[in-house]
Amino acid sequence: AQTVTQSQPEMSVQEAETVTLSCTYDTSESDYYLFWYKQPPSRQMILVIRQEAYKQQNATENRFSVNFQKAAKSFSLKISDSQLGDAAMYFCAYSGSARQLTFGSGTQLTVLP
Amino acid sequence: DTEVTQTPKHLVMGMTNKKSLKCEQHMGHRAMYWYKQKAKKPPELMFVYSYEKLSINESVPSRFSPECPNSSLLNLHLHALQPEDSALYLCASSQDRGLGSPLHFGNGTRLTVT
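Residue numbers (the numbering used here), protein chains in the order written: chain F, 1 to 113; chain W, 114 to 227.
You can take every hint at face value.
Over 12 Å on every C-beta distance to chain F, these chain W residues come out as not near it, computed from the model:
| no. | residue |
| --- | --- |
| 1 | Met-128 |
| 2 | Lys-131 |
| 3 | Gly-141 |
| 4 | Lys-166 |
| 5 | Leu-167 |
| 6 | Glu-180 |
| 7 | Cys-181 |
| 8 | Pro-182 |
| 9 | Ser-185 |
| 10 | His-192 |
| 11 | Pro-196 |
| 12 | Glu-197 |
| 13 | Thr-225 |
The calculated DSSO-like cross-link candidates involving lysine-lysine, where the alpha carbons are at most 27 Å apart (straight line), are:
| no. | chain 1 | residue 1 | chain 2 | residue 2 |
| --- | --- | --- | --- | --- |
| 14 | W | Lys-132 | W | Lys-122 |
| 15 | F | Lys-73 | W | Lys-154 |
| 16 | W | Lys-154 | W | Lys-132 |
| 17 | F | Lys-78 | W | Lys-153 |
| 18 | W | Lys-166 | W | Lys-131 |
| 19 | W | Lys-151 | W | Lys-122 |
| 20 | W | Lys-166 | W | Lys-135 |
| 21 | W | Lys-122 | W | Lys-154 |
| 22 | W | Lys-135 | W | Lys-149 |
| 23 | F | Lys-78 | W | Lys-154 |
| 24 | W | Lys-149 | W | Lys-122 |
| 25 | W | Lys-153 | F | Lys-73 |
Hints in this document: simulated from the structure, not taken from any laboratory.
Cβ coordinates follow ideal geometry from the N, Cα and C atoms, glycine included.
With the rest of the complex left out, here is chain F (with noise of 0.2 Å):
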């Protein structure tokens, strides 16, 4: 079965900072894509980045990019100038041929003004 862990419960960034999250997985799989998703206080889940395994460029949108390193399962999430709005918790997420996302146990991000 995949496992996705994510080692920091909580982190905290200046407001205008950069902050990476950190996300490792486990598979057996060679197709799959990875996933980070927000979950503001407004409770909705946001698709925030994606990522092809078969891919090696890393994904990018705006200022959100990953680093995704196939051989060692990691995908970390890096926030460039952080802004208020970016505070959420963070879930990285996997799915694979079991068409089902395993999600990871979510990092809980202040952004400090």
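On the provided structure of chain F, position chain W as indicated by the hints.
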């Protein structure tokens, strides 16, 4: 604005009540999902519908009964719930159940069972 609409936003019910949660999407998605989420925990998958057919039931107690009347609507019927069923219930949809098809979530229904 969320493209997946869930009603009600909050629900308080007694253990003998019958209630329903509703979810609607108009993105033409053919897969819809129910998740249960406890505070500060990741969502747990309950049910998956694909092309209006139930494709996954993650050993959910029978007091939870899903229904997919059409491709845009998803209901979750609740009956004889227990206090431990209090949680945030999230609905999601995706274009299909393809490998990389991202899920779009609603704002959830906060359920309290008294």
